[in-house]
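When we follow the UniProt record's numbering, the leftmost residue of the sequence shown carries the number 1, and every step to the right adds one.
There could be a bad hint or two in this list.
[Unchecked claim] Taking CB as the label site, the calculated pair distances span:
no., residue 1, residue 2, range
1, SER114, GLN38, 28 to 36 Å
2, ALA19, ALA260, 39 to 47 Å
3, GLN38, HIS234, 31 to 39 Å
Think of the hints as simulated: they come from the structure by calculation, not from any bench.
Please read these numbers as outputs of a predicted model, since none were measured by experiment.
Just so it is clear, CB atoms sit at the ideal spot from N, CA and C, and this is done for glycine as well.
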Amino acid sequence: MSTALARRQALLKETAQRAWLSRLALLLGLGVVLLATQYTGALDAERYRELLPTLWTLAGDAWPPAFERWEHWSKPLLDTLTMSVAGTVGGILAALPLGALAASGQAPAPLRQSVLLLLNAIRSIPSLVWGILFVAAVGFGPLPGVLALATHSTGMLGKFFAEIFEHVDRAPVDALRSQGAPVLGVLRFGVLPQVLPRLVDVALYRWEHNIRAATTLGAIGAGGLGLEIVTAFHLFEYREALALIAVLLALVSLVNLLGAQIRRRFLDPTTA
1 MSTALARRQA
11 LLKETAQRAW
21 LSRLALLLGL
31 GVVLLATQYT
41 GALDAERYRE
51 LLPTLWTLAG
61 DAWPPAFERW
71 EHWSKPLLDT
81 LTMSVAGTVG
91 GILAALPLGA
101 LAASGQAPAP
111 LRQSVLLLLN
121 AIRSIPSLVW
131 GILFVAAVGF
141 GPLPGVLALA
151 THSTGMLGKF
161 FAEIFEHVDR
171 APVDALRSQG
181 APVLGVLRFG
191 VLPQVLPRLV
201 DVALYRWEHN
211 IRAATTLGAI
221 GAGGLGLEIV
231 TAFHLFEYRE
241 ALALIAVLLA
251 LVSLVNLLGA
261 QIRRRFLDPT
271 TA
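Let the hints inform the model, and build the full structure from the sequences given.
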């Protein structure tokens with residue numbers, strides 16, 4: 001009886017300690033948020049009073065959008081689209097073997113840890129910083145944008161691919177190996193049917209991200225719609241900038257629509 005009472009008291013004490021630690025963590029979190037907002041001026045009401053009239057004036061200067069130069073936007077539009085496609089494909093090709101090596105149980109521990117460290121390092125550097133590095137290395141144009149997107153995509157996709165490979169059901173793989181199936185046969189019939197839908201889903205999500213990132217990279221000299229938008233703002237051509245933003249939104253919407261159709265094809269078994 002005394003043992004049960006002691007256990008109950010210990011449990012109550014542990015519960016009280018956890019509740020106290022939770023409240024302390026909440027207070028510390030709120031304190032950090034308040035300090036951050038104060039430091040950045042996010043709580044400065046005077047700045048917000050100045051912001052709204054400025055935005056209203058800017059909106060008036062940008063309306064209606066000016067599409068007079070639309071015939072000059074086909075190449076920047078194509079550059080943005082091709083940068084996103086080439087960068088995504090390059091990231092996929094590099095991430096597939098790295099993701100397989102980074103998955104637990106697929107490679108020796110030292111090699112796996114080295115690959116994980118490499119993937120962490122690659123994705124820790126934003127694509128914009130990669131873009132600056134590649135612009136300095138190879139010059140202006142779409143090429144540094146492709147290299148930046150492919151590099152950062154390798155780090156992100158490699159992480160997700162590794163998680164997908166780790167959840168492969170070993171039973172079909174072991175059964176094929178026991179029957180003497182070659183390596184390509186094991187991959188084709190034992191691994192690929194399990195991982196392909198999720199690989200496609202992750203790759204499409206990355207492409208949708210890269211179409212936006214390609215626009216940002218244009219601001220640092222990688223070309224595309226981003227460079228056109230930045231140039232329009234620098235020249236105070238706000239109506240043209242708004243038109244370019246509308247074109248970008250249309251492009252992103254089309255990419256999202258295409259991605260949804262491809263997902264439905266691979267993820268919905270009822271789709272012919």
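Verification of the hints:
no. : hint                       : in the structure
1   : SER114 / GLN38: 28 to 36 Å : 43 Å, violated
2   : ALA19 / ALA260: 39 to 47 Å : 45 Å, holds
3   : GLN38 / HIS234: 31 to 39 Å : 33 Å, holds
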